[in-house]
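Q: Sequence:
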Amino acid sequence: MFNLKSIAWLGLAQLLLAPLSQAQILVGQTAAFNGPDSAYVREARTGATLYFDAVNEQGGVHGQKIELVSIDDGDDPQRAAHNVRALMAGWNTLALFMSHGTSTSQAAAAVLPAYRAPLVGPSSGAQSLRQPVHPYVFNVRASYRREVQQAVQAMQRLGLERLAVVQVGNAFGDDAAVGVVDAVPAVRPVLSETFDPERPDFDAIGARVAKSNAQLVLFIADSAAVAAGVRALRDAGSRAQVITLSNNASPAFIQRLGPLARGVIVTQVFPYERSMVSPLVKRAMDVGRTRGIHELTQPLMEGFAAAQVLVEGLRRAGPKPTREKLVTALNGIARLNIGGVMIDYSPTDHTGTTYADMAVISELGRFQR
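Numbering-wise, the sequence shown is residues -23 to -1, 1 to 346 according to mature numbering (1 follows the signal peptide of the UniProt record, and there is no 0).
Treat the hints with care, since some could be wrong.
Label-pair distances were calculated between CB atoms; the ranges are [to be verified]: (1) D173 / G295: 47 to 55 angstroms; (2) D159 / H39: 39 to 47 angstroms; (3) R266 / A181: 44 to 52 angstroms; (4) V110 / A163: 25 to 33 angstroms; (5) S323 / R93: 14 to 22 angstroms; (6) G36 / Q133: 45 to 53 angstroms; (7) G240 / G269: 30 to 38 angstroms; (8) P236 / T299: 48 to 56 angstroms; (9) R185 / G36: 57 to 65 angstroms; (10) T171 / T305: 36 to 44 angstroms; (11) D159 / A181: 24 to 32 angstroms; (12) T331 / V164: 17 to 25 angstroms.
Simulated crosslink set (BS3-like; lysine-lysine; CA at most 30 angstroms straight-line) [what the hints assert, rightly or not]: (13) K259 / K42; (14) K297 / K42; (15) K302 / K42.
Read the hints as simulated data drawn from the structure, not as lab findings. Every residue gets a Cβ at the ideal spot worked out from N, C-alpha and C, and that includes glycine.
Let the hints inform the model, and build the full structure from the sequences given.
A: Here it is, written out as structure tokens:
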């Protein structure tokens, strides 16, 4: 594998002149390896490389080994698009893999038609990556709207009626917030707040949430913002149940919350990472143990699952894969069982899976289901 740190910090011109490794199948990735979501990105990449390495040790795909080339985009859409062009034209990568975030994944997807190359497993639940169907984007995880549906239904099961929605004012926040009405039309929030990602005023928002007597707060933002927002809610006297989405299903989020973590609910889009009854979890753990990893995370599970889908596409594309052959192969995947999670694609549906669940942060600072 290329050294991630060296690739993330190389200048683009230097990167394009770097010598190729012995890999015969190059796969590209642009993601934020620095910033609020970097812990999630790095864990997801670890999960992917676990699977790729295991495949390579068995001879690769049709005798060809896979190598993942990762470049940092700092969660900047322009940098993400620039990175995709570099990976496709300079590195001649066969596919793009696991971009991270809504706006950067949208920017990456916009570049793909020029190269007729697929993006497999974008780490975003944005509806814009699902409808209308993008011919080159193959989703592996469930949508944010599916997660929101789970969250609102949980509220109803708990007998809670007063919902407040607090969202970041960007493509991610807007997409997920729309899902509240779409997923459960009968529910109308008692309060909806949108904050500037650059200048959030959580003290003011916390006061308004407390005044609204909301019983549950759906917080749609990155881990740093949600942690700051939860502190403001508690300081304002609100004891509302907090639910946030799977982009925060990382141990780093729990660390940011500190003593306020207990009881926060996080939606999750893969089987519970400590459930050995899940074939996907067991497979990931078996591979992880051989490399000194003894505890899984949801981001790691996402990377491991997405890597399986890409490898299946490569196998179906044949011994001399091209970007076009890989797209055709992916479109032909139906009822692919990646360990208890079913993946389905067709030329008119690139949803992948709708699997979603929830976990609560325990008093020991761990996700529990």
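Q: For each hint, tell me whether it holds in the structure or not.
A: We went through each hint and held it up to the structure:
1. Distance hint for D173 and G295: a CB-CB separation of about 50 angstroms, consistent with the stated range 47 to 55 angstroms.
2. Take D159 and H39: their Cβ atoms lie about 42 angstroms apart, and the range 39 to 47 angstroms holds.
3. Here the CB-CB span from R266 to A181 is close to 48 angstroms, well matched to the stated 44 to 52 angstroms.
4. Range check, V110 to A163: Cβ separation about 28 angstroms, and the 25 to 33 angstroms hint holds.
5. A beta carbon spacing of about 18 angstroms between S323 and R93 agrees with the range 14 to 22 angstroms that was offered as a hint.
6. For the hinted restraint 45 to 53 angstroms between G36 and Q133, the CB-CB distance of approximately 51 angstroms keeps it satisfied.
7. A C-beta distance of roughly 32 angstroms is found between G240 and G269, which places it inside the suggested range of 30 to 38 angstroms.
8. Remark: the range hint 48 to 56 angstroms for P236 to T299 is upheld by a beta-carbon distance near 54 angstroms.
9. For R185 and G36, the hinted distance range of 57 to 65 angstroms is satisfied, since their beta carbons lie about 59 angstroms from each other.
10. Separation of T171 from T305 is about 42 angstroms and conforms to the stated range, judged on CB atoms against 36 to 44 angstroms.
11. The hinted range of 24 to 32 angstroms is satisfied by D159 and A181, whose Cβ atoms lie roughly 28 angstroms apart.
12. Separated by about 20 angstroms at the C-beta atoms, T331 and V164 satisfy the suggested range of 17 to 25 angstroms.
13. Using a Cα cut-off of 30 angstroms, the hinted pair K259 and K42 holds, with the two alpha carbons roughly 24 angstroms apart.
14. Distance check on the hinted pair: K297 and K42 sit about 13 angstroms apart at the alpha-carbon level, within 30 angstroms; holds.
15. A hinted pair counts as satisfied when its Cα atoms are at most 30 angstroms apart, and K302 with K42 qualifies at roughly 18 angstroms.
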